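Chemist: All chains, please: the whole structure from these sequences, using the hints.
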Amino acid sequence: MSAGVMTPSELRRERWRLRGRAVRAFAGRYARRRDGILGAGILAVFAALAAAPELIVGPLQTAVTATGGRLEPPAPGFPLGTDEIGRDILNLTVHGARVSMVIGLLATVITVVIGAVVGIVAGFVGGRLDGALMRVTDFFLVIPTFVLALILTPIIRDLVGSGSREVFGIRMTLIVIVVVIGITSWSSTARIIRGQTLSLRERAFVDRARVVGAGPGSIMRRHILPNVINLIVANAVLVFAGAVLTETTLSFVGLGDPFQPSWGQILEAARASGAPGLGAWWYFAPPGVSIVLVVFAFTLVGSALDDLLNPKRRVRR
Amino acid sequence: MAGSFILRRIGVALATIAAIVLLNFVLFRLMPGSPERVILHGTPRVTPEILEATRERWGLNDPLLPIVIDQSGISFAAENQFTKYLAATVQGDLGYSFVARGQTVGAVLAQRIWPTVLLFGLGEIIAIAAGLALGAYSGWRRGGPIDFVGNGVSLLLYATPYFLLGMVLLMLFGVALRWFPIFGMQTAGATYDGPIEQLLDLGSHLVLPVATVALGLIGQYAIVMRSSIVETLSEDYITTARAMGLREGRILRGHAVPNALLPTVSLVAINLGYVVAGAITVEVVFSWPGLGTLTVEALQARDYPVLQGVFLLLSISVVVANLLADLIYGLLDPRVRT
Chain A
1 MSAGVMTPSE
11 LRRERWRLRG
21 RAVRAFAGRY
31 ARRRDGILGA
41 GILAVFAALA
51 AAPELIVGPL
61 QTAVTATGGR
71 LEPPAPGFPL
81 GTDEIGRDIL
91 NLTVHGARVS
101 MVIGLLATVI
111 TVVIGAVVGI
121 VAGFVGGRLD
131 GALMRVTDFF
141 LVIPTFVLAL
151 ILTPIIRDLV
161 GSGSREVFGI
171 RMTLIVIVVV
181 IGITSWSSTA
191 RIIRGQTLSL
201 RERAFVDRAR
211 VVGAGPGSIM
221 RRHILPNVIN
231 LIVANAVLVF
241 AGAVLTETTL
251 SFVGLGDPFQ
261 PSWGQILEAA
271 RASGAPGLGA
281 WWYFAPPGVS
291 IVLVVFAFTL
301 VGSALDDLLN
311 PKRRVRR
Chain B
1 MAGSFILRRI
11 GVALATIAAI
21 VLLNFVLFRL
31 MPGSPERVIL
41 HGTPRVTPEI
51 LEATRERWGL
61 NDPLLPIVID
71 QSGISFAAEN
81 QFTKYLAATV
91 QGDLGYSFVA
101 RGQTVGAVLA
111 QRIWPTVLLF
121 GLGEIIAIAA
131 GLALGAYSGW
141 RRGGPIDFVG
151 NGVSLLLYAT
161 PYFLLGMVLL
171 MLFGVALRWF
181 PIFGMQTAGA
191 TYDGPIEQLL
201 DLGSHLVLPV
211 ATVALGLIGQ
221 YAIVMRSSIV
231 ETLSEDYITT
241 ARAMGLREGR
251 ILRGHAVPNA
261 LLPTVSLVAI
271 NLGYVVAGAI
281 TVEVVFSWPG
291 LGTLTVEALQ
301 ARDYPVLQGV
311 FLLLSISVVV
321 ANLLADLIYG
331 LLDPRVRT
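Protein sequences, first through last, are from chains A and B. Here my numbering is used: position 109 in the first sequence is 109, and no number is missing along the way. Here my numbering is used: position 257 in the second sequence is 257, and no number is missing along the way.
Each hint should be verified, as a subset may be incorrect.
[Unchecked claim] Listed below are the simulated SDA-like cross-link pairs for lysine to any residue, each with C-alpha atoms no more than 25 Å apart in a straight line:
{"#": "1", "chain 1": "B", "residue 1": "Lys84", "chain 2": "A", "residue 2": "Ile155"}
{"#": "2", "chain 1": "B", "residue 1": "Lys84", "chain 2": "B", "residue 2": "Ser317"}
{"#": "3", "chain 1": "B", "residue 1": "Lys84", "chain 2": "B", "residue 2": "Leu30"}
{"#": "4", "chain 1": "B", "residue 1": "Lys84", "chain 2": "B", "residue 2": "Asn61"}
{"#": "5", "chain 1": "B", "residue 1": "Lys84", "chain 2": "B", "residue 2": "Leu14"}
{"#": "6", "chain 1": "B", "residue 1": "Lys84", "chain 2": "A", "residue 2": "Leu152"}
[To be verified] Stretch-level coverage of chain A by chain B, calculated; a stretch enters the list once three of its residues show a Cβ under 8 Å from a Cβ in chain B:
{"#": "7", "stretch": "38-46"}
{"#": "8", "stretch": "211-224"}
{"#": "9", "stretch": "237-248"}
{"#": "10", "stretch": "253-262"}
{"#": "11", "stretch": "285-292"}
Hints in this document: simulated from the structure, not taken from any laboratory. It should be emphasised that the depicted structure is a prediction, and the values quoted were computed from it without experimental measurement. Glycine included, each C-beta is placed from N, C-alpha and C at the ideal position.
Modeler: This is the structure:
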């Protein structure tokens with residue numbers, strides 16, 4: 001690269017070259033984390049299950065299409081046994097992967113967007129707005145949000161009237177769960193992003209942008225957001241783990257949708273049918289192991305990313 | 001401790017409780033369906049007159065808020081639903097259960113609160129003792145076999161929903177081995193020769209649920225204590241203690257652990273909100289007659305007054321626990337008292 005003035009196209013190429021180098025350097029550092037690789041591997045397997053359940057086990061079995069006997073242990077034809085109405089547990093678990101992962105993903109998007117907007121605005125604007133937003137954030141941090149979600153879910157369901165409408169191939173009952181998880185779990189994300197924004201606000205490049213006439217909205221979008229995006233990504237992975245657990249627990253207390261069973265819903269059905277008391281381990285082990293593995297993998301990936309991307313943790317190391 | 005610190009923390013806690021009470025009112029008004037139909041549920045031959053009398057009797061004809069805005073402008077209403085709700089809530093009157101006819105929400109909650117306190121009190125105590133000990137030891141012997149296994153087990157336990165753990169324990173130790181009972185708080189229809197037998201029966205019913213709660217919590221406490229110990233061990237005063245020739249055990253117990261305990265105090269309090277979620281499901285798995293099973297029963301029957309009572313009770317408990325943790329933290333660490 002010769003010194004002097006670059007043309008816009010050269011500038012663009014140079015920017016992409018630098019970005020590519022940063023991504024490769026990051027991938028190199030990530031590849032040295034054994035726990036991160038293990039987590040990513042587990043997630044890849046479940047992502048494949050969630051992407052194409054029909055290819056692997058065929059369409060979701062229902063009470064009508066079930067072919068097995070009642071609560072039969074694993075046998076040829078039914079590698080993971082059957083449930084109380086004769087459905088193949090393998091079939092249910094693979095289809096459950098899609099439901100649980102999609103709900104987790106959508107809830108994570110809502111959580112992170114609310115958290116990032118509140119955090120950036122509160123940290124950048126400061127003053128009374130910051131005070132007010134942080135009061136609300138602290139409120140959501142301290143109250144038992146799960147119990148709030150428990151009450152909100154049936155109320156919102158009654159308000160929107162579930163019916164059989166679908167959004168993104170997800171039934172309305174589950175969309176309500178997504179929204180409820182989103183609006184009850186953004187507070188810790190907001191806290192983290194606000195902290196980082198506070199320190200970014202004092203940096204020279206923000207002053208420079210202000211001097212050349214950039215408004216607050218444009219500074220937040222073009223200068224603050226790109227600098228907190230790393231933190232947002234690392235946090236989103238951990239939020240995903242929490243969202244999957246929350247969805248599982250909400251389904252377990254009876255707020256799931258039997259027509260689109262998530263792993264939590266299968267576990268609820270297992271408990272309701274008395275599977276643990278009958279020794280039918282094959283009914284709750286597959287969805288249970290799936291949940292534990294997915295949350296475990298997200299925690300591994302999340303903490304590896306956090307170590308590599310979170311500026312506070314990077315300094316300490 | 002500085003008086004202003006205590007007063008400010010109490011002020012924040014009171015404001016939070018006020019917000020919870022307000023939220024409860026808003027949620028209740030959001031609910032679809034008319035309350036008078038729930039009140040009259042099962043009454044034969046309801047005439048419009050009976051409906052109207054019920055609305056009048058339960059104050060449903062009063063305006064919602066003390067300030068009324070209509071075509072004639074802004075006026076003030078002395079008889080309104082919000083003020084009545086506020087006055088009743090402050091006096092501890094949470095209304096009547098839709099399902100348990102004629103019982104107040106307060107009475108319903110009172111029957112269920114002690115089993116939960118017993119179960120979670122014991123679970124928390126065991127988890128705190130074992131989790132902190134495991135975390136402290138793993139952090140001290142960082143990279144050792146206990147650390148490797150302990151860290152892996154902690155992460156796995158952290159990723160396991162409480163109720164799943166409960167179902168596994170129930171099947172292994174309750175059904176397969178038949179060591180412990182798996183249902184409720186005492187043997188159904190049992191007669192006891194004395195208080196000791198009764199206590200033993202309660203104790204055997206407690207083992208599996210308490211073990212579930214404790215195992216569910218140990219993971220998180222161990223992880224936090226471990227990272228806290230690792231951080232403390234790199235402090236200068238630990239190096240000083242080593243240079244003075246103190247034995248390792250003495251350094252750990254006398255210098256590292258007391259300082260590393262601080263962050264875990266606030267963690268235990270912050271976590272209470274999540275513990276509540278686990279509480280509900282563990283009780284369901286073992287049919288433990290506490291607030292958790294009450295919540296799920298109320299949820300299935302759409303018994304909103306009881307649900308809101310549970311929310312109010314649990315939220316206030318968590319807020320108060322956080323306040324206590326803040327105050328204890330202030331007592332232990334003078335630096336935060338600003």
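Chemist: If a hint holds in the structure, say so; if it does not, say that too.
Modeler: Here's how the hints hold up against the structure:
1. Restraint check: the Cα-Cα separation between Lys84(B) and Ile155(A) comes to about 23 Å, which is no more than 25 Å; the hinted pair holds.
2. Pair hint Lys84(B) plus Ser317(B) holds up; C-alpha atoms about 24 Å apart against a cutoff of 25 Å.
3. As the CA atoms of Lys84(B) and Leu30(B) are separated by approximately 18 Å, the hinted pair is consistent with the 25 Å bound.
4. With a C-alpha separation of about 13 Å, the suggested pair Lys84(B) and Asn61(B) falls inside the 25 Å cut-off, and the hint holds.
5. Of the supplied pair hints, the one linking Lys84(B) and Leu14(B) holds, its CA atoms being roughly 20 Å apart against a limit of 25 Å.
6. A hinted pair counts as satisfied when its Cα atoms are at most 25 Å apart, and Lys84(B) with Leu152(A) qualifies at roughly 23 Å.
7. Using a Cβ-Cβ cut-off of 8 Å, 0 residues of the stretch 38-46 of chain A lie near chain B, which falls short of the minimum of three, so the contact claim is violated.
8. Beta-carbon proximity to chain B at under 8 Å applies to 0 residues in the stretch 211-224 of chain A; the threshold of 3 is not reached and the given coverage is violated.
9. Evaluation of the coverage hint for the stretch 237-248 of chain A: fulfilled, as 4 residues show C-beta separations to chain B shorter than 8 Å, against a requirement of three.
10. Counting residues of the stretch 253-262 of chain A whose beta-carbon sits less than 8 Å from any beta-carbon of chain B gives 3, enough to reach three: the coverage restraint holds.
11. Here's how the stretch 285-292 of chain A fares: 3 of its residues keep a CB closer than 8 Å to some CB of chain B, so the rule of at least three is met and the hint holds.
Of the numbered hints listed earlier, those contradicted by the structure are 7, 8.
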